[in-house]
Amino acid sequence: MKFKFTVLIFICMLLLPSGVFADQASDALTDANNHVINAAESAKKNDFVLAKQQYDQFNKSWYVFEQDIKSKSKGAYRSIEETMGEVQYAFAKNPISKDQVVQSLNKLISINQKVITGDFSSFTEPASSGNATIKDILQLLDQANAALAQNDVGTAKAKIEAFRNSWLDVEGIVLTQSSKIYGDAERDMVSSYALLTSNPPQITKSAQTLKDMRDYLAPLANKTGYGMIDVITILLREGLEALLVIVALLGFLKKSGHGEKKNWIWYGLGAGALVSVILGVVVQQLFAKGTFGNNNFLIAGCTGLFAAVMLIYMSYWLHSKSSLSNWRAYINGKSTKALASGSLWSLAILSFLAVFREGTETVLFFIGMASSISLVSLLSGIAIGLLILIVVAFLIIKVGVKIPMRPFFLVSSILVFYLCFKFLGMGIHGLQLAGVLKATHSDSLPVADVFGLYPTWENIIPQGILLLAAILVVVYKRVKELKIQQQTNINHI
Amino acid sequence: MQDTLTEMQKNVEANDAAKAAKNAEELESSWEKFEDDVKANQADVYGKVEDPLGAIQTGVKETPLDQAVLKEQIVKLNDALKEIK
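Chains A and B, in that order, give the protein sequences. Straight run, no breaks: the first sequence in the working numbering ends on number 493. Straight run, no breaks: the second sequence in the working numbering ends on number 85.
Relax, there's no trap hidden among the hints.
Calculated pairs, SDA-like style, for lysine to any residue (alpha carbon to alpha carbon, straight line, at most 25 angstroms):
(1) A/K98 x A/V49
(2) B/K85 x A/T155
(3) B/K61 x B/D16
(4) B/K33 x A/A218
(5) A/K477 x A/Y418
(6) A/K44 x B/E62
Pulled a few chain B residues facing chain A out of the computed Cβ check, cut under 8 angstroms:
(7) D36
(8) A40
(9) Y46
(10) G47
(11) D51
(12) A55
(13) G59
(14) V69
(15) E72
FYI, nobody ran anything at the bench for these hints, they're computed from the structure. Positions of the beta carbon are idealized from the N, C-alpha and C atoms, including for glycine.
Bound conformation, chain A alone (with noise of 0.2 angstroms):
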């Protein structure tokens, strides 16, 4: 058991690629920052022919990662843009005053060093943008086709990885009309992009997806408010899964006779749900729209996979569950040993896990929802959105309960196994949606948004191997099940 956990624990750090984390932009900014220190010293002491020429090297090498800081922080981005002109100027003067000269400069490195750490509180976005609506990444949509058809691969790539940023401000509007076009437009949004980075780049093909992408949303541009009905639809939509995986854990439980340890489980999900309401608070509060952008997906990505993990591995423990011999010492009343903790404490994390993936979405959702319902829609549709997910939940267990053990044991450990293919899908997916991963597109592979199957090698590659191995194993137990059976009905004989 514990062996199988290290593994596990394993293999989710192997999951997790390193550099994640790893901050490329604010590494640039901190060298370029230099050059804006050395100016700023040249400058007290009067030589600001140096000032000048080491200030130019900064903004050389910020042309280079602007865009970057620009997705992180519109606001942090118009600021620095702002004081550089107030530099230029400064430097234009003449005579040169040594005040204004070091004063902007300054100001600049004090800019510089608060994105650096990623201090973006005292950055305002700017007025004019405010949220992009369908119509803004519509346009982006055409503004890289127009690229696209004189083959300026480059800027096309540009004006999706915008489209992609600005993919926040309008999913919540697209999810509420159509559940079936936003996972379109996610999954095309990847494989447009992914078909220009392949060798020789698709352009005829992601021309085509981008035109796609542009008839299915433009319909959707007309809304611009929400009511109960969408809090409720999101709410469900974004519930279900999470409920899949309670139910599944509860039902195990009460099945396998620890009906009393199920507070495992409600700990699991009420921290998962407090934990996302924080979190998505915590979000709106202090950063940017833009800098959350891509740490979304990641999260999404991040968690999905783990969970895939942990549910393979309850997928494989309920399997040997149902199995004939396994049963047999069951009943013979070996097993009533409690629960190992460790797996309590899987529960626990599972059910957790479950919720905090949907409920940070979820509640991110409504608070970019929360500017465009009233606010008694906003909480009617919350509570009659839990309730039915609340009804829905005990209908399952209480069906759940009347159906034999071992049948309920097979039946749930495939319904987890079909959750975790289609975490294991969606993890990666979320990974390529925050750039993190790349995608490698095929038309040749499948499609199915009910399994999390997206066509990209990436995808398809780590759930072939998982299918293969849940065949493999199932097929191996069987075979070993069969010869015990065959050794026991020697032995009565």
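Given the coordinates of chain A, work out where chain B should sit on it, guided by the hints.
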């Protein structure tokens, strides 16, 4: 953008800070529309536009207007814009 610049030149010479500030805003929003293309295709020109543009944004906020500096930057910006294909 070049039309805006011509207008701005006149406003600076006439010491009209308010109108010059409006011109500066127009320049900024026009630039936003095609700056990505310039950056991708003519990276050297990109910097030549951004530098004087930034200085101009600062300059129009100073009262009284420093006409000499502003005119110099306007000329620089105009030259850079001419290079854009």
